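In case you want the letters, here they are:
Number of protein chains: 2
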Amino acid sequence: MPAPLTTYQTLILPEWTDYNGHLRDAFYLLVFSYATDALMDHLGLDSAHREASGHSLFTLECHLNYLHEVRQGSRVQVRTQLLGHDHKRLHLYHSLHLGAAAQSLAASEQLLLHVALGGADGARSAAFSGEVARRIEALGNAHRHLPRPAWTGRVIGLPA
Amino acid sequence: MPAPLTTYQTLILPEWTDYNGHLRDAFYLLVFSYATDALMDHLGLDSAHREASGHSLFTLECHLNYLHEVRQGSRVQVRTQLLGHDHKRLHLYHSLHLGAAAQSLAASEQLLLHVALGGADGARSAAFSGEVARRIEALGNAHRHLPRPAWTGRVIGLPA
Numbered sequence: 000m001p002a003p004l005t006t007y008q009t010l011i012l013p014e015w016t017d018y019n020g021h022l023r024d025a026f027y028l029l030v031f032s033y034a035t036d037a038l039m040d041h042l043g044l045d046s047a048h049r050e051a052s053g054h055s056l057f058t059l060e061c062h063l064n065y066l067h068e069v070r071q072g073s074r075v076q077v078r079t080q081l082l083g084h085d086h087k088r089l090h091l092y093h094s095l096h097l098g099a100a101a102q103s104l105a106a107s108e109q110l111l112l113h114v115a116l117g118g119a120d121g122a123r124s125a126a127f128s129g130e131v132a133r134r135i136e137a138l139g140n141a142h143r144h145l146p147r148p149a150w151t152g153r154v155i156g157l158p159a
Numbered sequence: 000m001p002a003p004l005t006t007y008q009t010l011i012l013p014e015w016t017d018y019n020g021h022l023r024d025a026f027y028l029l030v031f032s033y034a035t036d037a038l039m040d041h042l043g044l045d046s047a048h049r050e051a052s053g054h055s056l057f058t059l060e061c062h063l064n065y066l067h068e069v070r071q072g073s074r075v076q077v078r079t080q081l082l083g084h085d086h087k088r089l090h091l092y093h094s095l096h097l098g099a100a101a102q103s104l105a106a107s108e109q110l111l112l113h114v115a116l117g118g119a120d121g122a123r124s125a126a127f128s129g130e131v132a133r134r135i136e137a138l139g140n141a142h143r144h145l146p147r148p149a150w151t152g153r154v155i156g157l158p159a
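Chains as they are written, first to last, in numbering that gives the first Met the number 0: chain F, 0 to 159; chain L, 0 to 159.
Simulated from the structure, these hints should not be mistaken for laboratory data.
Predicted model, so just to flag it, every value in this text is computed and none were measured.
Using N, Cα and C, we set each Cβ at its ideal position, and we do this for glycine too.
Don't take each hint at face value.
[Claimed, not checked] Covered by chain F, according to a simulated footprint, are these stretches of chain L (three or more residues, beta-carbon under 8 Å):
1) 8-14
2) 70-76
[What the hints assert, rightly or not] With beta-carbon atoms standing in for the labels, derived distance ranges:
3) F:Glu68 - L:Thr9: 46 to 56 Å
4) L:Glu136 - F:Glu68: 40 to 50 Å
5) F:Asp45 - L:Gly98: 43 to 53 Å
6) F:Leu116 - L:Ser73: 15 to 25 Å
7) L:His144 - F:Glu50: 33 to 43 Å
8) F:Asn19 - L:Glu130: 18 to 28 Å
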């Protein structure tokens, strides 16, 4: 039975919270950012690979939905689903949960680009290759038949 | 001539950067989050108001586009445009710039909800009132004829 990957677990730290002891908006994204790091490790895009190959991932775009407040000291986990990929991009979905609970506290849809670092004019997009490409393909196949999460395809706006 | 508000200025701190000395994705949002705090002060939704009234703003949804890397030590500013509002919601746009430069390093479209804090069942949405409602109306009028920024109305997806 395929399922999203549990990519990251943490306690909600005091320095991530506001006057009221709740997780501040930017630190939801920090938790998701650590989950992306863990997914990169899972795909072979870890720091050793980065140093050896000069390749890494950049976040192009990120959407966040805040569904519930999260208190300092809560033990949370991030589950990650690969929604899609092409030869150089990953389309991800992270959801935040209290422990093993089903309810989402927050959700983030993200688009990431594979890049070759450090040319004279900065990073350039680059195709996935070798073992990394194989692992992405395997994860995509494993997640292909998962239900589409609710908080995707979002446009922000107020009724006119 | 109406213009977006310059809401926040900061140096990019070492603890916000990655292995490579560039601003990490979550800390772009932290800079925008501080800009939202500054906008709240501008609208009279400061901490004194929160303590006196029991009202504050919650972020419902946030979209971020990462357009350029930002190096540790850079002096950046956030400019903020009120795209829309209704009786209890603000639709904002933040852009990040190197000093007074026109080029955007990143952009964020956000939807925020005005809430009454701390009932038995948590926060509930609440209408803006009094001086806060008047200041929102004034800012909305000042920003009504600004051009629509490029990085709004975004949907994430890969071509099928």
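Evaluation of the provided hints:
1. Residues of the stretch 8-14 of chain L with a Cβ under 8 Å from some Cβ of chain F number 0, which does not satisfy the need for three, so the listed coverage is violated.
2. Given a C-beta distance limit of less than 8 Å, the hint that chain F covers the stretch 70-76 of chain L is violated, as 0 residues qualify and 3 are needed.
3. The given range of 46 to 56 Å is broken by Glu68 of chain F and Thr9 of chain L, whose C-beta atoms sit roughly 26 Å from each other.
4. Distance hint for Glu136 of chain L and Glu68 of chain F: a CB-CB separation of about 29 Å, inconsistent with the stated range 40 to 50 Å.
5. Distance hint for Asp45 of chain F and Gly98 of chain L: a CB-CB separation of about 36 Å, inconsistent with the stated range 43 to 53 Å.
6. For the pair Leu116 of chain F and Ser73 of chain L, the supplied restraint of 15 to 25 Å holds, since their beta-carbon distance comes to about 19 Å.
7. Take His144 of chain L and Glu50 of chain F: their Cβ atoms lie about 51 Å apart, and the range 33 to 43 Å is violated.
8. Distance hint check for Asn19 of chain F and Glu130 of chain L: the Cβ-Cβ separation is about 23 Å, which falls inside the suggested range of 18 to 28 Å.
When held up to the earlier numbered hints, the structure conflicts with 1, 2, 3, 4, 5, 7 and fits the remainder.
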